[in-house]
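Protein chains in written order, with the numbering used here: chain A, 1 to 281; chain B, 1 to 316.
It should be emphasised that the hints constitute simulated quantities derived from the structure, not laboratory data. Any given hint might turn out to be false.
[Unchecked claim] Here are the simulated DSBU-like pairs of lysine-lysine, each with C-alpha atoms no more than 35 Å apart in a straight line:
1) B:K279 to B:K243
2) A:K24 to A:K7
3) A:K7 to B:K279
4) B:K200 to B:K126
5) B:K148 to A:K24
6) B:K148 to A:K7
7) B:K279 to A:K24
8) A:K24 to B:K200
9) B:K126 to A:K7
[To be verified] Not close to chain B: a few residues of chain A, all C-beta gaps over 10 Å, as computed:
10) N94
11) G102
12) I105
For each residue, glycine too, the CB sits at the ideal point set by N, CA and C.
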Amino acid sequence: MTTDVVKRPSVGTLVWEQFRYQNKVFWRTPIAAFFTIVFPLMLLVLFTAIFGNDVIEGMGITTAQFFTPGLAVFAAVSATYTNLAIGTAIARDNGILKRIRGTPIPPWAYIAGRVASGVYLAFIAMALMMTVGIVFYGVQLIPRTIPAALLTFVVGVGCFAALGMLVAAISPNGDAAPAITNATLLPVAFISSIFFPIEDPPRWMEIAGSFFPLKAFAEAFRDAFDPTLSGAQFHWPQIGYLALWGVVAAILAIRFFRWEPSAGSRSRRRRRKEETGSETA
Amino acid sequence: MLPECAEKAEPGAGRSSIAPVAAIEVEGLVKHYGELAAVDGVELSVEPGEVFALLGPNGAGKTTTVEILEGHRDPDRGQVSVLGFDPSTGGRAYRERIGIVLQEGAVERELTVREALTIYGGMYPKRLDPDHLVELVGLEEKADARIKTLSGGQQRRLELALGLAGDPDLLFLDEPTTGFDPSARRQAWAILENLTALGKTILLTTHYMDEAQHLADRIAVIDHGRIVAEGTPDTLGGRADGKSVIRFALPSGVGADQLPVPARVRDGLVEVEAESVTKALHGITSWAVERGLELERLQVARPSLEDVYLELTGDN
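From just these sequences and the hints, can you work out the full model?
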């Protein structure tokens, strides 16, 4: 028996290994990779084709200059909010979380690896979107606002990662998580002017849009790519609002997180079938 | 999510040089789910290096008991000590020394077998080489295949390999062959026998009596949350001193009342329960020889483990 006796792995190593493997799992799940990476790029291609890439009247910027940062935010939210919610809820249904709980990895280190992977993929999705915008659609990068863009992005992605883990925590099973994320993200994306700028929205829509964190994220990030604006473009109220949502979501996610599949989720159904099968045999 | 302090509180540390009295010691274990007492006063003691089977019908409390020992659930009452740890507070140091093979564990289906063994093994201070593990469970050909391409039986074997990835001192096996066809069970048993040769302490749950008999050094029968019998496969439930039964076909032309010993006749088959088999058999054969009778289908049988098990767990 060849036993490798090594030191107890450091927590940093454990987080890093989880991060690496979660990334691997992501790239090997075509549907997740498609919706996170490819789908937002398709929207950019479609929107610029439909609306043309001229200067938008009253805004003073091109269609691509408006859409690219917003869709980069949308892609980043898919990578964190949607992916973490669905991936974690399914992992729980399948019993992966329960297995993890029986191993020596500290639970928070596992979660940290998962979240880090979502954040990393959000950066990739954002960088890819901005690159396509700059290279193919003449989107301008403004050096003086890059620090503000990065800070906004980090806080925004952290906020939506926490929200994704909250949805994972409260989803009764793996089927509910995609339903919850899609039913929340898509309408909110519309009222947050991700898919097209809404001029003169009805009052309720404006209030709803301002309540959810996506609009704050998109606005603050987009303004960092608006050449008609001056200054460093640190939108502190929006950044603060995103941080507040993130902290509240994280506290609730920790409070309600479960490691075991709930009764009636996929794996339990399978077990029941087996037991009745063996009893009648 | 409990932050676990890695360096202090290691009651099991340094124990490897001094053999502990028992690998598992359970006293007065009680766990309720609502009104139902899933575990109702279980007592267990498992020696190091022993293969111990917890045998019982579905819903008897096996899985709940094991999940408490694994640290997945907290008991309502009772004392539990596993490798010198309290599983509910043992944390990382405890989990480094145990391996858990879940009844229906799963791994990320997109990983390969080798990747899964590497990442899970990497969580432990001691670890077994993935190449060695795939060999042990007979998955060499699938080592670089995605887990989603494995058959059900192969996934269960991977599950076993994952339980061993951290070279545990104690392995929990929850119903390792439930849902297997007979040949897959034989295969799984062969693998488990390899493990026992490694000298690991194994706690196995099963509702298959033959599985317990085949694999275990000692068996505890659990029913309605209580241990109703405990012993080796040979002595369980008084099986060693249980009365043997002599059976033979009732010779034609002989009435039941003409037999030399007290007996039951069922479907033309005579059954004699005997304290002393030799004496009873002598009486019966002498009687038959004197009359020139041939005792067709003559056999002497000890009560089977199955008889004992059904008697212990049967409600009727």
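Cross-check of the supplied hints:
1. B:K279 to B:K243: Holds. K279 of chain B to K243 of chain B sits at ~13 Å (cutoff 35 Å).
2. A:K24 to A:K7: holds (26 Å)
3. A:K7 to B:K279: At roughly 66 Å apart (the allowed maximum being 35 Å), K279 of chain B and K7 of chain A break the hint.
4. B:K200 to B:K126: Since the Cα atoms of K200 of chain B and K126 of chain B sit roughly 14 Å apart, the hinted pair holds (cutoff 35 Å).
5. B:K148 to A:K24: OK: K148 of chain B and K24 of chain A at ~14 Å, within 35 Å.
6. B:K148 to A:K7: At roughly 32 Å apart (the allowed maximum being 35 Å), K7 of chain A and K148 of chain B satisfy the hint.
7. B:K279 to A:K24: Judged against 35 Å, a Cα distance of about 73 Å means the pair is violated.
8. A:K24 to B:K200: Holds. K24 of chain A to K200 of chain B sits at ~34 Å (cutoff 35 Å).
9. B:K126 to A:K7: holds (8 Å)
10. N94: About 4 Å separates N94 of chain A from the closest Cβ of chain B, which leaves it inside 10 Å; violated.
11. G102: Violated, since 4 Å does not exceed 10 Å.
12. I105: violated (5 Å)
Checked against the numbered hints above, the structure violates hints 3, 7, 10, 11, 12; every other hint is satisfied.
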